[in-house]
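There are 2 protein chains.
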Amino acid sequence: MRGKLFVATIMLALVASSAAALHRNHRLLSQAETKTLVERLGYPRDAKLLIVHADDLGAAHSINSASIKALESGLVGSGSIMVPCPWLPEIAAYARAHPEADLGLHLTLTSEWSSYRWGPVLGRERVPSLLDSSGYLPLESEATTHMDIKEVEAEIRAQIARARAFGIQPTHLDSHMDTLYHSKVLFEILLRVARENKLPFRVSQQWFARAPFMPALLGPDDPVLNRTIIIEPKVAPEDWARFYTEEIKNLRPGVTDMIVHLAFADEEMKGMTSGHPNWGAEWRQRDFAFVTSDAFRKLLKENNVKLITWREIGKLIGKTEH
Amino acid sequence: MRGKLFVATIMLALVASSAAALHRNHRLLSQAETKTLVERLGYPRDAKLLIVHADDLGAAHSINSASIKALESGLVGSGSIMVPCPWLPEIAAYARAHPEADLGLHLTLTSEWSSYRWGPVLGRERVPSLLDSSGYLPLESEATTHMDIKEVEAEIRAQIARARAFGIQPTHLDSHMDTLYHSKVLFEILLRVARENKLPFRVSQQWFARAPFMPALLGPDDPVLNRTIIIEPKVAPEDWARFYTEEIKNLRPGVTDMIVHLAFADEEMKGMTSGHPNWGAEWRQRDFAFVTSDAFRKLLKENNVKLITWREIGKLIGKTEH
Chain A
26 MRGKLFVATI MLALVASSAA ALHRNHRLLS QAETKTLVER LGYPRDAKLL IVHADDLGAA
86 HSINSASIKA LESGLVGSGS IMVPCPWLPE IAAYARAHPE ADLGLHLTLT SEWSSYRWGP
146 VLGRERVPSL LDSSGYLPLE SEATTHMDIK EVEAEIRAQI ARARAFGIQP THLDSHMDTL
206 YHSKVLFEIL LRVARENKLP FRVSQQWFAR APFMPALLGP DDPVLNRTII IEPKVAPEDW
266 ARFYTEEIKN LRPGVTDMIV HLAFADEEMK GMTSGHPNWG AEWRQRDFAF VTSDAFRKLL
326 KENNVKLITW REIGKLIGKT EH
Chain B
26 MRGKLFVATI MLALVASSAA ALHRNHRLLS QAETKTLVER LGYPRDAKLL IVHADDLGAA
86 HSINSASIKA LESGLVGSGS IMVPCPWLPE IAAYARAHPE ADLGLHLTLT SEWSSYRWGP
146 VLGRERVPSL LDSSGYLPLE SEATTHMDIK EVEAEIRAQI ARARAFGIQP THLDSHMDTL
206 YHSKVLFEIL LRVARENKLP FRVSQQWFAR APFMPALLGP DDPVLNRTII IEPKVAPEDW
266 ARFYTEEIKN LRPGVTDMIV HLAFADEEMK GMTSGHPNWG AEWRQRDFAF VTSDAFRKLL
326 KENNVKLITW REIGKLIGKT EH
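Residue numbers (this note's numbering), protein chains in the order written: chain A, 26 to 347; chain B, 26 to 347.
Note that these hints are calculated values from the structure, not bench results. Think of the CB as a built atom: it goes at the ideal place given N, C-alpha and C, for glycine as much as any other residue. Take the hints with a grain of salt, since some may be wrong.
Using C-beta positions, here's what the derived DEER-type ranges look like [stated by the list, open to error]: (1) A:Lys175 - B:Arg189: 27 to 35 Å; (2) A:Glu125 - B:Ser158: 24 to 32 Å; (3) A:Glu125 - B:Ser318: 45 to 53 Å; (4) B:Ser158 - A:Ile342: 28 to 36 Å; (5) B:Asp264 - A:Gly160: 40 to 48 Å; (6) A:Glu167 - B:Glu263: 50 to 58 Å.
The shape of chain A in the complex, shown without the other chains (with noise of 0.2 Å):
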């Protein structure tokens, strides 16, 4: 007995040991092992948190209507501001008039759509390398590996800089098209403003696999969600209300970023996405037609699902136990 208690003792020791060797070097590790994030919240381990949120806002009129109308169905809890956009200033003037609404940034790259575009807060002069021939950000998300990195910093600055200029309280932080997420040292900004800033970002375990530099950049600080939906081109547009329900039908427990792209298929829409059907103005549409139905409602009571918003994450932010 002595002989095996000594040895039970001495794995102990290692355990322990090991376990602070890993509370050292990925405090992350430590976080998950104490307590989960939807535990932080305050919720029982096995609950199902949904944020069901609204990307683009700023970008477009119908993007900005169709969001809005969302946001107030009560279903949509949260959304994102693109600072660089022509529409910025009616979604503020909303932010303004609506404190309360959960609103963060969509922190912009690129400029996407070949009719109509737009390019970054600081000037053409300040942050050339963020500029494409045609002195617009980029319209695809790749030509952002090839940016000045200090003009990426400072560009993102000055989109949180202007959304409080003009009277956002921004909840989160997130990225328009992934830019911020395709590379350690976009990321390491995006991780530096927002600690700076106290602001929760959009970032989940289930993409760690193809992006192995995330989890050893983060810290118990930071909270991670578990899992991210968002529909893909693939999904038919005859099955988009069933690739939801499937999902959430499976949803498992933790903390879910489900993240929707609303607008109305309007001629604005139809000409700003003319020739794509990818995230375009049908595309938009459909989503708006799902996240505001009374089915998607139902689903969601159905299976338990319980709406969070970024805010209650933004809480967490420096009360965090070490």
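Starting from the known structure of chain A, fit chain B onto it as the hints suggest.
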């Protein structure tokens, strides 16, 4: 008889010398005394020439769509493009595909729609005096009087350079919200830039009363319109067609520029011009309806009005007999 002849000769000499002085001091007057603009264009002196001109191209998808449709109706012959606006790429693509289209530049120093705005072509750091406190071109045209003149000229030149970089070969210049007609120094910029680019620009004898600095600045190479027609907010919506009909019926010999603002009263335009019925969505829809109507076509024919474009006027540049 001799005495009378002597007096007449002296008087003729005086008239001639006075005319020569006028020629030196006011070449414009000299030009008017020789050939009218109508005659220089190769028409009989009593011809009624009309440019039907759509302003604000590039400002919105709805404006582009309606203006292109109107240009293709054949009744609207000319338009001018706002280079700093987000829908520039769409109208530039049209200009490249239709090199015969009579498209000029609507030089822009304002951003007047409160929910949807744009900045200058040059960076904010380069032309700080052109920005209002929100970092856009100002809402009100009066704000241009506080702009740094050197920055205005640099921005105007940058707008022309950017248009050319987009494959637009402008046929003429004019000024959005008339800002470049507001003062002598601003008008001098327009003149300098237009002459250097060998482009005609919108200026009308009718304006001289309210802008007395104009005539002395104009030379024989500057084609001067006789008149402009532009509908004003005092015209009730139901009187729209009546206003234009009266204007056409009362058209005098000379060159007249009929300036219209075309768009559809769709969601984008309603959102953009919300709360601003003047030059708003319905206003532009009414303009579009009139200038593409059979009634307008018939009216022009019945009143012997000959439609011309800025391209014809541009051919006069550098061809004036001195």
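Quiz prompt | Outcome of range test on Cβ distance (Lys175 of chain A, Arg189 of chain B; 27 to 35 Å) | solution = Because 31 Å falls inside the window, the suggested range holds.
Practice problem: Check the following: the C-beta atoms of Glu167 of chain A and Glu263 of chain B are separated by a distance inside 50 to 58 Å. | Solution: 55 Å, holds
Quiz item: Between Glu125 of chain A and Ser318 of chain B, does the C-beta distance stay in 45 to 53 Å?
Solution: Because 49 Å falls inside the window, the suggested range holds.
Self-check item: Asp264 of chain B paired with Gly160 of chain A, Cβ distance criterion 40 to 48 Å
Solution: Between Asp264 of chain B and Gly160 of chain A, where Cβ atoms are some 43 Å apart, the hint holds.
Quiz item: Is the gap between the beta carbons of Ser158 of chain B and Ile342 of chain A within 28 to 36 Å?
Solution: Check passed, 31 Å falls within 28 to 36 Å.
Quiz item: Holds or violated: 24 to 32 Å for the Cβ distance of Glu125 of chain A and Ser158 of chain B?
Solution: Between Glu125 of chain A and Ser158 of chain B, where Cβ atoms are some 26 Å apart, the hint holds.
Violated hints: none; the structure is consistent with every hint.
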